[in-house]
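As given, the protein sequences belong to chains E and Y, one line each in that order. With this note's numbering, letter number 210 in the first sequence gets 210, and the count goes up by one each step, no holes. With this note's numbering, letter number 279 in the second sequence gets 279, and the count goes up by one each step, no holes.
Honestly, the hints are just simulated from the structure, not real lab data. By construction, the Cβ of each residue, glycine as well, lies at the ideal position given by its N, Cα and C atoms. Mixed in with the good hints there might be a few duds.
Claimed, not checked - In silico contact screen, one side only, chain Y against chain E (beta carbon under 8 Å); selected entries:
1. LEU28
2. ARG31
3. ILE32
4. LEU68
5. ALA98
6. LEU130
7. GLU196
8. PHE222
9. LEU265
10. SER275
11. PHE299
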Amino acid sequence: MHIVVCINRIPDPEAPPKQFRLDEASNRPVLDRMSWVIGPFDENALETALKLKDSAGARITALTVGPASNQEALRRALALRCDAAVHVNEDRALGLDSAGVARTLAAAIRKLGEVDLILCGRQVGDWDGGQAGQLLAEELSFAYVHLLRQIDSNGGPTLRINTEVPTGFALVEAQLPIVAAVTNASTNQLRIPKVKDVMAARRATISAWTAADLGLDMAELLGSGVTVAVRRLFIPDTGVQVEMIRGENDEEVAEKLARRILDLKVL
Amino acid sequence: MNFLIIILPTDECLPAPSAELIGGAKGLASRISGSVEAAVLGGNLAQACRDAAAFGAEKVYSIDHESLANYDADAYLPSLEAVVRASHPDVVLFTADAFAADLAPRLAYRLGTGVVTSCSGIDLNSEGQLVFTRPVYGGKAMAEMEVTRLPQIATVTARSFEALRRDDSRHAEIIQMSFESGPSERRIRVLEIRQEELAGVRLEDARVVVSVGRGLGEAANFSYVKQLAGVLGAAVGASRPAVDAGWVPLGMQVGQTGKTVAPELYIAVAISGASQHVAGMARSKHIVVINKDPEAPFFKIAELGVVADYRRLLPFLTRKLQALLVQ
Numbered sequence: 001m002h003i004v005v006c007i008n009r010i011p012d013p014e015a016p017p018k019q020f021r022l023d024e025a026s027n028r029p030v031l032d033r034m035s036w037v038i039g040p041f042d043e044n045a046l047e048t049a050l051k052l053k054d055s056a057g058a059r060i061t062a063l064t065v066g067p068a069s070n071q072e073a074l075r076r077a078l079a080l081r082c083d084a085a086v087h088v089n090e091d092r093a094l095g096l097d098s099a100g101v102a103r104t105l106a107a108a109i110r111k112l113g114e115v116d117l118i119l120c121g122r123q124v125g126d127w128d129g130g131q132a133g134q135l136l137a138e139e140l141s142f143a144y145v146h147l148l149r150q151i152d153s154n155g156g157p158t159l160r161i162n163t164e165v166p167t168g169f170a171l172v173e174a175q176l177p178i179v180a181a182v183t184n185a186s187t188n189q190l191r192i193p194k195v196k197d198v199m200a201a202r203r204a205t206i207s208a209w210t211a212a213d214l215g216l217d218m219a220e221l222l223g224s225g226v227t228v229a230v231r232r233l234f235i236p237d238t239g240v241q242v243e244m245i246r247g248e249n250d251e252e253v254a255e256k257l258a259r260r261i262l263d264l265k266v267l
Numbered sequence: 001m002n003f004l005i006i007i008l009p010t011d012e013c014l015p016a017p018s019a020e021l022i023g024g025a026k027g028l029a030s031r032i033s034g035s036v037e038a039a040v041l042g043g044n045l046a047q048a049c050r051d052a053a054a055f056g057a058e059k060v061y062s063i064d065h066e067s068l069a070n071y072d073a074d075a076y077l078p079s080l081e082a083v084v085r086a087s088h089p090d091v092v093l094f095t096a097d098a099f100a101a102d103l104a105p106r107l108a109y110r111l112g113t114g115v116v117t118s119c120s121g122i123d124l125n126s127e128g129q130l131v132f133t134r135p136v137y138g139g140k141a142m143a144e145m146e147v148t149r150l151p152q153i154a155t156v157t158a159r160s161f162e163a164l165r166r167d168d169s170r171h172a173e174i175i176q177m178s179f180e181s182g183p184s185e186r187r188i189r190v191l192e193i194r195q196e197e198l199a200g201v202r203l204e205d206a207r208v209v210v211s212v213g214r215g216l217g218e219a220a221n222f223s224y225v226k227q228l229a230g231v232l233g234a235a236v237g238a239s240r241p242a243v244d245a246g247w248v249p250l251g252m253q254v255g256q257t258g259k260t261v262a263p264e265l266y267i268a269v270a271i272s273g274a275s276q277h278v279a280g281m282a283r284s285k286h287i288v289v290i291n292k293d294p295e296a297p298f299f300k301i302a303e304l305g306v307v308a309d310y311r312r313l314l315p316f317l318t319r320k321l322q323a324l325l326v327q
């Protein structure tokens, strides 16, 4: 089985809000001083692929679209024993909408040849659009599985997949080839790479392609191909001033807090 | 400008977020003499269709079929395409739940247009164009977006708009449409759905919510929060780390990838206030934050804050509130 895992490199979503700034002129966040991570749900997708490789054997290709710095994410995927890494190296990819990202991913995957399973995170963790997997499935005419938690069994032409649905969980049987958007579960927290694999990954080859190599025209993807455009970014003003409740001891604080809560006239 | 609200009921009635969405669209449509229609898909829809009319939909399309019993987007998409062709809207709106997140981008693809997901607001700008506002970077920033093609599609989080008051004298033509089966081969078969049973007050309906986070420490400590919630008649929520740790079930998760709530009072216990969580509760009216870390970002959006170890504070707080409420 050939699995492609689509990964993104994003500013750490756990970073405190006070580190987050916008550049008003460019309408973009100031990203240079931020720490960068693989998207948290992309990590869950990576672990899902690695588990399937452990249990049933598979070849894993990690794929990313973005600037040169995205190679860091691919090095990490290689250190976790993904078999190959492909980088669609385009600085301007940061400006693509979900449709443009999906078209680029689809073109890269077609160039890879036979692919059975494509895993991506349910949403990227910066813009959280949550559309790439669905659009990729449409582009490639693959089956689409939404919110994969765990792959239960691998039965040849089908996979049994545990998913999240609005009222709980579902068990579905899906026909390969499949695109699945992976959500977080207790069973898919990403493992830590071994030191020797980290060293080996530094020297491993990453295939670097451009949009033009894939027969895509970036100017079109960023121009007439756009379906959703960003007009303005701003930092919301919460406009509240917190009233801190203090006291000599926990009991006194509790008493004051209880009275202030009652003052709100909700209870 | 014509709006079409897509409604996918989970039981016989109209879901509350769908009523809100009809109300929101009516507000926008009234400013530009537009119309608001609804499309209801699923099984056993008569009541939900009447509800949609009573909440303001001017025309209701109903597609009632046994194949729509399960969450299978492949079964829904051909019928959705058909109803969009029939209604010919400029704008298609879904409530932002997990199933809409699956359907809306794929519908957009098939219609050659785009979708803005998880909007918290929709407005008309001075040129009469729709502007969709949604949180980005985990709620640290907001983005105003535009869909450049028609129909413009969006999914909208619960509590973004107010429903109109129900009025059973409102009448709407209800049009029964046939189910479009599309390709006969099923790529996805749903073998089993396991409902998650959650005791107590439903999070989405609660006037008071008490939530816990990573700082809970262990599952056994959940009893502190349950007792406080019991005294207040509150629903219990949680942030993602508490769910990931297995301390509480997934159905309690509040946040960007969980439920969206907007109660009158939200009490956050041992939650740092990561924007992922805040995105699901920022519209709460009064926010109380209890955290032992004075630097916790949650204090920035709180109305009342206490720096304390919840294990020592909550027993006192529960008892005091109980005593005061009895009086």
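Query - Numbers of unmet hints, in rising order - result: 1, 2, 3, 4, 6 and 8
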